[in-house]
Each structure stands twice: as C-alpha cells, then as structure tokens.
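Here the protein sequences line up with chains A and B, keeping their order. Residue numbering for the first sequence follows our numbering, beginning at 1 and increasing consecutively. Residue numbering for the second sequence follows our numbering, beginning at 245 and increasing consecutively.
What the hints contain is simulated information worked out from the structure, not anything from laboratory work. There could be a bad hint or two in this list.
For lysine-lysine, the following DSS-like pairs were computed, each having C-alpha atoms within a straight-line distance of at most 30 angstroms [unchecked claim]:
{"hint": "1", "chain 1": "A", "residue 1": "Lys138", "chain 2": "B", "residue 2": "Lys483"}
{"hint": "2", "chain 1": "B", "residue 1": "Lys353", "chain 2": "B", "residue 2": "Lys440"}
{"hint": "3", "chain 1": "B", "residue 1": "Lys440", "chain 2": "B", "residue 2": "Lys489"}
{"hint": "4", "chain 1": "B", "residue 1": "Lys483", "chain 2": "B", "residue 2": "Lys306"}
{"hint": "5", "chain 1": "B", "residue 1": "Lys306", "chain 2": "A", "residue 2": "Lys202"}
{"hint": "6", "chain 1": "B", "residue 1": "Lys306", "chain 2": "B", "residue 2": "Lys499"}
{"hint": "7", "chain 1": "B", "residue 1": "Lys306", "chain 2": "B", "residue 2": "Lys419"}
{"hint": "8", "chain 1": "A", "residue 1": "Lys138", "chain 2": "B", "residue 2": "Lys512"}
{"hint": "9", "chain 1": "B", "residue 1": "Lys512", "chain 2": "B", "residue 2": "Lys499"}
{"hint": "10", "chain 1": "A", "residue 1": "Lys123", "chain 2": "A", "residue 2": "Lys232"}
{"hint": "11", "chain 1": "B", "residue 1": "Lys333", "chain 2": "B", "residue 2": "Lys287"}
{"hint": "12", "chain 1": "A", "residue 1": "Lys123", "chain 2": "A", "residue 2": "Lys138"}
{"hint": "13", "chain 1": "B", "residue 1": "Lys353", "chain 2": "A", "residue 2": "Lys37"}
{"hint": "14", "chain 1": "A", "residue 1": "Lys222", "chain 2": "A", "residue 2": "Lys177"}
{"hint": "15", "chain 1": "B", "residue 1": "Lys419", "chain 2": "B", "residue 2": "Lys333"}
{"hint": "16", "chain 1": "B", "residue 1": "Lys381", "chain 2": "B", "residue 2": "Lys353"}
{"hint": "17", "chain 1": "B", "residue 1": "Lys440", "chain 2": "B", "residue 2": "Lys483"}
{"hint": "18", "chain 1": "B", "residue 1": "Lys353", "chain 2": "A", "residue 2": "Lys202"}
{"hint": "19", "chain 1": "A", "residue 1": "Lys138", "chain 2": "B", "residue 2": "Lys440"}
{"hint": "20", "chain 1": "B", "residue 1": "Lys467", "chain 2": "A", "residue 2": "Lys138"}
{"hint": "21", "chain 1": "A", "residue 1": "Lys143", "chain 2": "A", "residue 2": "Lys159"}
{"hint": "22", "chain 1": "A", "residue 1": "Lys202", "chain 2": "B", "residue 2": "Lys333"}
{"hint": "23", "chain 1": "A", "residue 1": "Lys159", "chain 2": "A", "residue 2": "Lys202"}
{"hint": "24", "chain 1": "B", "residue 1": "Lys512", "chain 2": "B", "residue 2": "Lys333"}
{"hint": "25", "chain 1": "A", "residue 1": "Lys143", "chain 2": "B", "residue 2": "Lys463"}
{"hint": "26", "chain 1": "B", "residue 1": "Lys333", "chain 2": "A", "residue 2": "Lys65"}
{"hint": "27", "chain 1": "B", "residue 1": "Lys483", "chain 2": "B", "residue 2": "Lys381"}
{"hint": "28", "chain 1": "B", "residue 1": "Lys440", "chain 2": "A", "residue 2": "Lys202"}
{"hint": "29", "chain 1": "B", "residue 1": "Lys499", "chain 2": "A", "residue 2": "Lys138"}
{"hint": "30", "chain 1": "B", "residue 1": "Lys353", "chain 2": "A", "residue 2": "Lys143"}
To give an idea of the chain B side of the interface with chain A (calculated C-beta under 7 angstroms), a few residues [stated by the list, open to error]:
{"hint": "31", "residue": "Gly391"}
{"hint": "32", "residue": "Glu414"}
{"hint": "33", "residue": "Gln417"}
{"hint": "34", "residue": "Phe424"}
{"hint": "35", "residue": "Tyr425"}
{"hint": "36", "residue": "Glu551"}
{"hint": "37", "residue": "Arg552"}
All residues carry an ideal CB built from backbone N, CA and C; glycine is no exception.
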Amino acid sequence: MNLFLRTTALLAAPLALVSPAFAAIGCTLSNPAADLKYLYPEMTSYREEVRELPRMKDGAAHYEKLRERAGPLDAIYEAYDTPYTLYSVFKGDARIGYVHGVNVPGKGGVIQLFVAAEPDTAKVRTLFFQRLESPAGKALRDKAFRARFTGLTLADFYKHDYYAVAAPDSPADPLAKVLLPPPNLPADGAADFASSMRGLRKNLLLLDIFAFDLRHEPFFEKSREALAARAKPAEAPATRPTSN
Amino acid sequence: MNFGNLALKNLWRRPVRTGLTVLGVALAVAVAVSLGGFNLGYKRAISNSIERLGFQVMIMAKGCPYEAATMMLKGGTGLLYLPEDTKAKIETDASVSSITPIFVGVAEKEASSIRDDAAKSFAIVNGIERESFVTMKPWVRFQGGAGYDGGRWFSDTAETEIVLGFEVAEYEQRKVGDDFYMTVTPNGAVAPVQHKFKVVGVLERTGSQDDGGVFVPLKTAQKLFGRANELTIVGVKLKEFSGVKLREFEGRWLKLPEVQVVSLEQVKGTLVSLVGTAQAMIAAVALIAVVVAAIGVMNSIVMSVYERTGEIGVMKAVGASRADIFRLVWLETLLLCVVAGAAGCLLAVVGSGAVEGVIRRLIDLGVSDSLVLITPALLGAAMLGAVVLGLVTGIWPAWRAASLHPVEAIREGE
Numbered sequence: 001m002n003l004f005l006r007t008t009a010l011l012a013a014p015l016a017l018v019s020p021a022f023a024a025i026g027c028t029l030s031n032p033a034a035d036l037k038y039l040y041p042e043m044t045s046y047r048e049e050v051r052e053l054p055r056m057k058d059g060a061a062h063y064e065k066l067r068e069r070a071g072p073l074d075a076i077y078e079a080y081d082t083p084y085t086l087y088s089v090f091k092g093d094a095r096i097g098y099v100h101g102v103n104v105p106g107k108g109g110v111i112q113l114f115v116a117a118e119p120d121t122a123k124v125r126t127l128f129f130q131r132l133e134s135p136a137g138k139a140l141r142d143k144a145f146r147a148r149f150t151g152l153t154l155a156d157f158y159k160h161d162y163y164a165v166a167a168p169d170s171p172a173d174p175l176a177k178v179l180l181p182p183p184n185l186p187a188d189g190a191a192d193f194a195s196s197m198r199g200l201r202k203n204l205l206l207l208d209i210f211a212f213d214l215r216h217e218p219f220f221e222k223s224r225e226a227l228a229a230r231a232k233p234a235e236a237p238a239t240r241p242t243s244n
Numbered sequence: 245m246n247f248g249n250l251a252l253k254n255l256w257r258r259p260v261r262t263g264l265t266v267l268g269v270a271l272a273v274a275v276a277v278s279l280g281g282f283n284l285g286y287k288r289a290i291s292n293s294i295e296r297l298g299f300q301v302m303i304m305a306k307g308c309p310y311e312a313a314t315m316m317l318k319g320g321t322g323l324l325y326l327p328e329d330t331k332a333k334i335e336t337d338a339s340v341s342s343i344t345p346i347f348v349g350v351a352e353k354e355a356s357s358i359r360d361d362a363a364k365s366f367a368i369v370n371g372i373e374r375e376s377f378v379t380m381k382p383w384v385r386f387q388g389g390a391g392y393d394g395g396r397w398f399s400d401t402a403e404t405e406i407v408l409g410f411e412v413a414e415y416e417q418r419k420v421g422d423d424f425y426m427t428v429t430p431n432g433a434v435a436p437v438q439h440k441f442k443v444v445g446v447l448e449r450t451g452s453q454d455d456g457g458v459f460v461p462l463k464t465a466q467k468l469f470g471r472a473n474e475l476t477i478v479g480v481k482l483k484e485f486s487g488v489k490l491r492e493f494e495g496r497w498l499k500l501p502e503v504q505v506v507s508l509e510q511v512k513g514t515l516v517s518l519v520g521t522a523q524a525m526i527a528a529v530a531l532i533a534v535v536v537a538a539i540g541v542m543n544s545i546v547m548s549v550y551e552r553t554g555e556i557g558v559m560k561a562v563g564a565s566r567a568d569i570f571r572l573v574w575l576e577t578l579l580l581c582v583v584a585g586a587a588g589c590l591l592a593v594v595g596s597g598a599v600e601g602v603i604r605r606l607i608d609l610g611v612s613d614s615l616v617l618i619t620p621a622l623l624g625a626a627m628l629g630a631v632v633l634g635l636v637t638g639i640w641p642a643w644r645a646a647s648l649h650p651v652e653a654i655r656e657g658e
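Here chain A stands alone, though its shape is the one from the complex (with noise of 0.2 angstroms):
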C-alpha cells in the first residue's frame, strides 16, 4: 500500500508542477533584442530572468516595503504575485547593464516605464516608456524630460524623502528639479506626471532588491532616522501634560 502511495505521489508530482495558476501580468520588452539592441548598441547578448517575490526568501517582507516605500500597491494588478522581468545586457563576458520595467495604472490606460541602470554603479542610464495614452504623452516621452532622469539612485530618492519633508526647496535635495512636471505638461496629464514618478519609484525599489541586493537600504534607513530625529522635538511638548 505505501508502495502504491509513494507511487502515485511520484507520477503525479509532474501532474502539480503543470496545473495553471493565476497569472498576474507582468511588464515585458515587446521586442527584447532589439529593444536591448537600441539602448546598448554595444551589446552582444543578454539574459531574460523571471522574477517574483513569492519565490523569494523575504518576499512578503519586501513587497511591504514597497509598499510603505512606493505609496499603496493596486490590490489586483500590483499584487504579490506579480511577475517581473530583469534584462541583464551583456558584452561579451561583462554585465553592461540591466533593464527592468513596471506597469503602473495610469489615468487613461497602463503606463509601461523601464529603467536602464548601470550594473556597477546602479544609476540611471535612460528612463523609457514603452506604453503611455495620455496627453501627457508628449511631454513624458519628451528626450529632455527623461534625461532628467539620467545619472539618479535610489539613493536620491531616499534624500528626497529627507528634504521634502526638512528642508523643502533645498538645493542639497537631488531631485528638488528633477521632479518637476514637464513644461509643456496639459493640465490633464498631471495625474499620469504623478503615476509615471511613483512608477520610476517602484522601479528603482525593485531594482534594488532583484539587482542591487539592497545597497540603497542605509540611505533609506539614515533618511528615515534622520526624519525622526527631527520629530520629537516637535512631539514632546504635545505629549506634557497641561495643568489649567
């Protein structure tokens, strides 16, 4: 009888691993080599991996804090299951690159937003949408606009989140300009201005945790304390107690 038990468990195993699951939609190149291609002409090849938090070891722990760190996650189509695709561009035998895009829902539709980032120093090389209707369109996908961008960490994001809240109009914060909307941005697009900065975000934070192996965390971790530095003086006299 175990025979047969153990038997059956082992034919059906395979039977498991092919069963459909949900599958939540993933953000992926339409065309990857020569998407690639184009952002590095130099390439030789690259290398398509799947990545999912689920799978991974601290995965609810890192979804949560992209969602304390990117604003509130879409409950149905930014769960946890999401899956997302890392493109790393090589030339020859060295790692030149890494590409990686988020959907973000928009005001109008998806907004597909890839970043490339450089491998050794996890800047921005080139921010691009492959997916945005709006008539902020224009203006999003504007070759100045995105450079803006170029050159940026997560790092930057996390002094942001210091100065924003400290010292607002700082020349010390790196994004006080670059988080400007566009010029020429309608008055109708400023909803997806929005969502495309929480998509570079999002990004940026997956990024670090597929690639970077969190690198940026002490920057996180300095703003927040330095946040909270800042906030108890504030807060205690609230906490006395008042005598009348």
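We have chain A; now place chain B onto it with these hints.
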C-alpha cells in the same frame, strides 16, 4: 504454474533492456495519444470559439471568407463595409430568430515601442447595439469583486461610456469607474484624435475574441471612425439551422450585390482543414514511431528467447507443453506493452500542456481554449492499441520458442 509471475521475473532479468523497450513503446504511445488529443481538442476549441460568437451566420461585405473567419475569431477590421440598412432588410426574413449589427474598428494605442515614438499598438473597438447583442450572447456577464462591482452596459446613445473585455481590462489595468483613452483616426481624416471614455463595466472572461475587445454603442463607434450608417457584419441566428435552411437563406440574400453570407459551419470547416494536412503528416510520424516501437519489442523478446533456449528446453523436458511456452512468451510481450502503454498514457497526460505550448508557439491557431483534449475514451483506445501491439508482436517470438525441440534446445543452451 503461475505464468504471470514467471513472465515478470523473465522481464526483470534484463532490467535495462526491458526498460529501454518500455520507454520506446511508451514514447510512441505518448505521441499517438497527444496527437489524438490535439485532434479532439482543436475541433472542440474551434466549435466553442464559434459557438461563443452567438450567431450561426455572418452577413458581411464581399471579400475573402478566410479573412472573415480570422476576423471574427481573432478580431480585426474588414476592408469593406455594409450599408446599415442591410440589417433592416435581413430582419424581414421569416427564418431569422435574432439579428445583431456590429461595427468593428481599430483604435490606436500610443507609444507601444521604445525605439519609435510613433509606433502604436491597437485596440479592437466593437460598436454594438446593446439589446440585440445581449440577446445573441446571453452568457456574457460582468466581472464582479473589488474594483469591478457595479458593471453595466452603456445606453445606446452614450458617447463616452465603454465596456472592456476581460483581457483588455487586465492589460490596461482598468477597473469600473476608471478612464480609458483611445486614439482614432476617422475615415478621411489625417490627424488622429484622442478620446476619453469612462469604463462602466468589465466583462467576465469568455474565452472568445470578446475578451480582447472593447465595446461602445454602435452609433458612437460609427461616429468615432467617421463611418456613419456603415456596418462591418450582421450576425444572424436562424430559427432552424441546417444545411438546407442555410442554402435557402443564402439564396435569398446573395441577391444583394454587396454582401456575402458566411456560415460559421463553413468557417469551422475552413479552420479545421487549415491544419488537416499538418495533422496527416504528424499522424504519419506517429505511425512510424509505433512501427519502430513494435520492431523494438519483437527484437527484445526474440533476444530473450535466444538467451533462454536451454532453459526453455529444460522446461519442455520436465513437462511444459508447446502451449505453455507459447503462452509464457506471449504474456511477457503483452505485459511489456501494457506497462509501456500505461506509461505512455501518463506521459501524454502530463506532457499535454507542453505539447500545447509548442503547438501554439509554432502555429497561430486562432482559438483560445485548451487545444489538447485527452479523454478516457482516447486513453482506453491507446491501451487497447498497446494490448493489440503486444499480442501481434508476441506471436512470432512465442511461436519460435514453442517450436524448439527439447533436446536440441538444451544442447544449444549449454
């Protein structure tokens, strides 16, 4: 004498040879079952896709019927349009049970490539007359749950309301109440115009081409595309559907100079015949695999008999009859083929998903249902085939073993 145990022991003496023979037959059976399953599954998928269109006959502008078939199953636009009064004319036909006019247009979706800002993808826009469309497709339901609750159809005069098919909503990340942008270049115009719609409903998955389309009122679609009073197709359901009734219906309406009447049975036949030749070639390959496997089985059992010549002689010397020896060797062949048949069936069931994936990758078949349908009857037929294979291929080795003379066999075996 327990022939079953003895036959099993004999097979087990050479586990590698037995295993390889079983593997060969199992692969042949798996290929045959997968192909049979594909044949059944494809026909079912075509039937389901066509039934989900809701109508049996399409009236459309004269053109290629293959284009018509593809258009209706995969979505797309016709190059020619019908005058809108075609519907009113056909509606008068006494054999018509229900009728629905549809305008199909293609809207552009901006920025679908990183290499070319002008590159666009598209959205299939179905302009429908809500009431007759719903009558034709009573199974269409609105998706419920968080984000989708409150889904409804638009009124026939609504100009900014839209209902999304399941896949469009999923891909565009839309929910009920969201906006949806589409860009259309109207007929005769040069500049595209972006339109904003409010999503009033998301349809449940139907497994048909409706999942990949968006729905607006007929008049709105005609206006968007600058084709007032034009239709792409008129879908018709007949009160009584048969070949004779269809020919009679065709005869009555082919007199209109601008229309062709396309039966979805014809479309089904066309689609099935498109893969018929490929299926015949694949079936030939499967047959060759079965023949090779049969030769392998026979070779394996003959080798086994050669090796046991002395042993068979001793068995006969101590009283085993010709029939006993024949039965033993025949049983070994049968067991081998039955085990291989079962393994092949299991392999086919497990591997059907992979087979389907490969087929879909190689050929765009225009259907969304599962393409491989492995039924108990198919598995039963495969097992029966394996038994017959065992019985047939075992005859010669068994006869040869049974014909050995005891003394000569013992001498040969020494």
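Results of checking the hints against the structure:
1. Between the alpha carbons of Lys138/A and Lys483/B the distance comes to roughly 53 angstroms, so the proposed pair goes past 30 angstroms and is violated.
2. At most 30 angstroms may separate the alpha-carbon atoms for a hinted pair to count; Lys353/B and Lys440/B meet this at roughly 12 angstroms.
3. Restraint check for Lys440/B and Lys489/B: the C-alpha separation of about 45 angstroms exceeds 30 angstroms, so the hint is violated.
4. Between Lys483/B and Lys306/B the CA atoms are separated by roughly 25 angstroms; this keeps the pair inside 30 angstroms, and the hint holds.
5. For the given pair, Lys306/B sits about 51 angstroms from Lys202/A by alpha-carbon distance, which is inconsistent with the 30 angstroms threshold.
6. For a cut-off of 30 angstroms, the pair hint linking Lys306/B to Lys499/B stands: about 12 angstroms separates their Cα positions.
7. Simply put, Lys306/B and Lys419/B have alpha-carbon atoms about 38 angstroms apart, too far for the 30 angstroms limit, and the pair is violated.
8. Between Lys138/A and Lys512/B the alpha-carbon distance is near 45 angstroms, which puts this suggested pair outside the 30 angstroms criterion.
9. For a cut-off of 30 angstroms, the pair hint linking Lys512/B to Lys499/B stands: about 24 angstroms separates their Cα positions.
10. Between Lys123/A and Lys232/A, the direct Cα distance comes to roughly 34 angstroms. Violation of the 30 angstroms bound is thereby established for this hinted pair.
11. Only pairs whose Cα atoms come within 30 angstroms are accepted, and Lys333/B paired with Lys287/B is rejected, the gap being roughly 34 angstroms.
12. Restraint check for Lys123/A and Lys138/A: satisfied, since their Cα atoms lie roughly 25 angstroms apart, inside the 30 angstroms limit.
13. At roughly 24 angstroms between alpha-carbon atoms, Lys353/B and Lys37/A fall within 30 angstroms of each other, so this suggested pair holds.
14. Among the hinted pairs, Lys222/A with Lys177/A is consistent with the structure: their alpha-carbon atoms are about 22 angstroms apart, no more than 30 angstroms.
15. At most 30 angstroms may separate the alpha-carbon atoms for a hinted pair to count; Lys419/B and Lys333/B exceed this at roughly 39 angstroms.
16. The straight-line distance between the Cα atoms of Lys381/B and Lys353/B is roughly 28 angstroms, inside the 30 angstroms bound, and the hint therefore holds.
17. Distance hint between Lys440/B and Lys483/B is unfulfilled; the C-alpha atoms sit about 40 angstroms from each other, more than 30 angstroms.
18. Between Lys353/B and Lys202/A the alpha-carbon distance is near 24 angstroms, which keeps this suggested pair within the 30 angstroms criterion.
19. Restraint check: the Cα-Cα separation between Lys138/A and Lys440/B comes to about 16 angstroms, which is no more than 30 angstroms; the hinted pair holds.
20. At most 30 angstroms may separate the alpha-carbon atoms for a hinted pair to count; Lys467/B and Lys138/A meet this at roughly 26 angstroms.
21. For the hint linking Lys143/A to Lys159/A, the alpha-carbon distance of about 25 angstroms falls within 30 angstroms, and the restraint holds.
22. The hinted pair formed by Lys202/A and Lys333/B fails the criterion: a straight-line CA distance of about 57 angstroms is larger than 30 angstroms.
23. Among the hinted pairs, Lys159/A with Lys202/A is consistent with the structure: their alpha-carbon atoms are about 16 angstroms apart, no more than 30 angstroms.
24. Restraint check for Lys512/B and Lys333/B: satisfied, since their Cα atoms lie roughly 27 angstroms apart, inside the 30 angstroms limit.
25. For the given pair, Lys143/A sits about 39 angstroms from Lys463/B by alpha-carbon distance, which is inconsistent with the 30 angstroms threshold.
26. Distance hint between Lys333/B and Lys65/A is unfulfilled; the C-alpha atoms sit about 63 angstroms from each other, more than 30 angstroms.
27. For the hint linking Lys483/B to Lys381/B, the alpha-carbon distance of about 16 angstroms falls within 30 angstroms, and the restraint holds.
28. Proximity of Lys440/B to Lys202/A is assessed by CA-CA distance (about 27 angstroms); at most 30 angstroms being required, the pair is judged to hold.
29. Distance hint between Lys499/B and Lys138/A is unfulfilled; the C-alpha atoms sit about 51 angstroms from each other, more than 30 angstroms.
30. As the CA atoms of Lys353/B and Lys143/A are separated by approximately 20 angstroms, the hinted pair is consistent with the 30 angstroms bound.
31. For Gly391/B, the suggested interface contact is upheld, since its CB lies about 6 angstroms from the closest CB of chain A, less than 7 angstroms.
32. A least Cβ separation of about 6 angstroms between Glu414/B and chain A falls short of the 7 angstroms threshold, and the interface hint therefore holds.
33. Among the interface hints, the one on Gln417/B holds; its C-beta lies about 4 angstroms from the nearest C-beta in chain A, closer than the 7 angstroms criterion.
34. Interface restraint check for Phe424/B: the shortest CB-CB distance to chain A comes to about 6 angstroms, inside 7 angstroms, so the restraint holds.
35. Proximity of Tyr425/B to chain A holds as hinted, the smallest CB-CB distance being about 3 angstroms (cut-off 7 angstroms).
36. For Glu551/B, the shortest C-beta to C-beta distance to chain A is roughly 29 angstroms, which exceeds 7 angstroms, and the interface hint is violated.
37. Proximity of Arg552/B to chain A is violated relative to the hint, the smallest CB-CB distance being about 29 angstroms (cut-off 7 angstroms).
The earlier numbered hints that this structure contradicts are 1, 3, 5, 7, 8, 10, 11, 15, 17, 22, 25, 26, 29, 36 and 37.
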